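For reference, the chains in residue letters:
There are 2 protein chains.
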Amino acid sequence: MARKALVTGAAGFIGSTMVDRLLDDGWQVTGYDNFSTGFREFLAAALRNPRFRLIEGDLLDEGKIGAALEGIDTVFHFAANADVRYGLEHPRRDLEQNTIATFNVLEGMRVHGVKTIAFSSTGSVYGEAALIPTPEDAAFPIQTSLYGASKVAGEGLIEAYAEGFNIRAFIFRFVSILGERYTHGHVFDFCRNLLRDPTQLQVLGNGRQRKSYLYVQDCVDAILHALANAKDKVNVFNLGANEYVEVNDSIAVITARLGVDPKLVYAGGDRGWVGDNPFIFLDTRKIRGLGCSPKLTIRDGVAKTVDWLMENRWVFESRA
Amino acid sequence: MARKALVTGAAGFIGSTMVDRLLDDGWQVTGYDNFSTGFREFLAAALRNPRFRLIEGDLLDEGKIGAALEGIDTVFHFAANADVRYGLEHPRRDLEQNTIATFNVLEGMRVHGVKTIAFSSTGSVYGEAALIPTPEDAAFPIQTSLYGASKVAGEGLIEAYAEGFNIRAFIFRFVSILGERYTHGHVFDFCRNLLRDPTQLQVLGNGRQRKSYLYVQDCVDAILHALANAKDKVNVFNLGANEYVEVNDSIAVITARLGVDPKLVYAGGDRGWVGDNPFIFLDTRKIRGLGCSPKLTIRDGVAKTVDWLMENRWVFESRA
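Which chain is which? The protein sequence lines are A and B, in order.
For the first sequence, counting from 1, position 176 maps to 176 in my numbering; every step adds exactly one.
For the second sequence, counting from 1, position 118 maps to 118 in my numbering; every step adds exactly one.
Don't take each hint at face value.
[As the list claims (entries may be wrong)] Ranges of calculated distance between the beta carbons of each label pair, as one might list FRET restraints:
no., chain 1, residue 1, chain 2, residue 2, range
1, B, E128, A, G291, 26 to 34 angstroms
2, A, E128, B, G291, 26 to 34 angstroms
3, A, N229, B, G269, 27 to 35 angstroms
The set of hints was computed from the structure by calculation and includes no laboratory data.
These figures come from a predicted structure and were not determined experimentally.
Ideal Cβ placement from N, Cα and C applies to all residues, glycine included.
Make the full structure from the sequences, and use the hints.
Here's what the structure looks like:
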């Protein structure tokens, strides 16, 4: 009998990629999304598959997500307020869409006896880590963003439910993810702005901010690999590339790919915005020790992202 | 001009003790409490003081707590669902009363420009720490209780607001607190049960669970000492005694104090309940390094608690 998955944020970047992968792997998949930032287009293939059903709903609707969880084996909880940068302008959004939404998923799991959850957390939970690359058991962090705070709150809830209600938890702390269906973040912004004006490009900070990225297919590989191979009740994994680049390096890949040569205008300072972390670089020895490594370099991931964006310019319109 | 404090959970054990101390120290004090577990009796002295005002309200009432914060210098945020043990039976209560309530306090602070918060967190945020005594910068914890999860969520929110909105934060991770006005926890339960039946006493677990306690006046001393002397934007301190006892040791103090000699009936196992941590013992070198140490031993704290309970047996009736 096919295993039954529910994917929250199913119409999002990573969620829809996971939906397609699970369907390829023979799962029966329920997608759950409120379409606040997701795209129906990303589910076009899935919607033609008889093993897929879509539920349009918000995770703040406890009754709806609860009912959707009946009969599910594994939840891939990827729905989140992804608008990391604007947390300070809408403080309640992270609380609701990340923390309370995660609580509602867990309550639905408890009531319906769903025993496995995979959760997309973030390297931002480490705040400004003293130790870089940062391992999963780094020092107790001080949060520096509402996004990180809301995700660490979600992690804690998941762990407490795992302990209290015999649920297996797989928590993944991501670096930024790139690849097909990528629709927010600085590669997106740079491509959109260069399409509008190829002669110059505004850059937040000084361009020296170091970032690590992971290609979305490598991310999905790692999650499924951990689910199949990690043995603890609560399994926490950093997911990221074993390298980093500077913002200026991704700009070089982007401009080369687009064949443009803009003047770069830096806003200055060592970070993009209040609460931005100048350097997130995760120690990924734990997941690699389980036999799983990214296949793509960061530069190749950026290049693939640029190519996809150029072939799907409609996403720029819908994110205007 | 008198400094202006708002104390949430003002009618509670630690909150009311802080209210009295602040009034003694010349502060103007607003007490905020929903009286779900607090006692009006604990505010009897404060209510006779012209520098005290009481607001009866719930922290889920954003408008009410927001308005109460106008003109306040320092928030002592002590309101919480203190029903640690029953978290698994009412999962939403910890989320609402600890995490969302803390968010509402922070939003009120942001809107009204309140710049300092002291927060009662818990040693439970360390989960089952590998390192004992556990320092503030212990390894990134795995939560084992909904109470711990809700408190670590509150810590993260406070830290993110401190970073984003220029607020100074003082986060205190308590062991269990004992002393006058103590109205829940195992010393309370043991005293109540021994008053009913002095011939035998049921003990959860095997009685060997090691616990560290702090006397409430030492706790209040430490909080005010940290506020006056710690210099960071976000200051995290463990608060606890520099020793621990076993549950059996506190039973010995209690029975000696009560002059009873009950048969001890152990439920067995190495912990009291699912999610109970068999040993919380915090490294308190950081607060001691700031020149602040507890004045009372744990045994003296237990004895003082028993004496107060015997003189205030009405609390047993109201917690029936």
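Go through the numbered hints given earlier and state which of them the structure violates, listing their numbers in rising order. none
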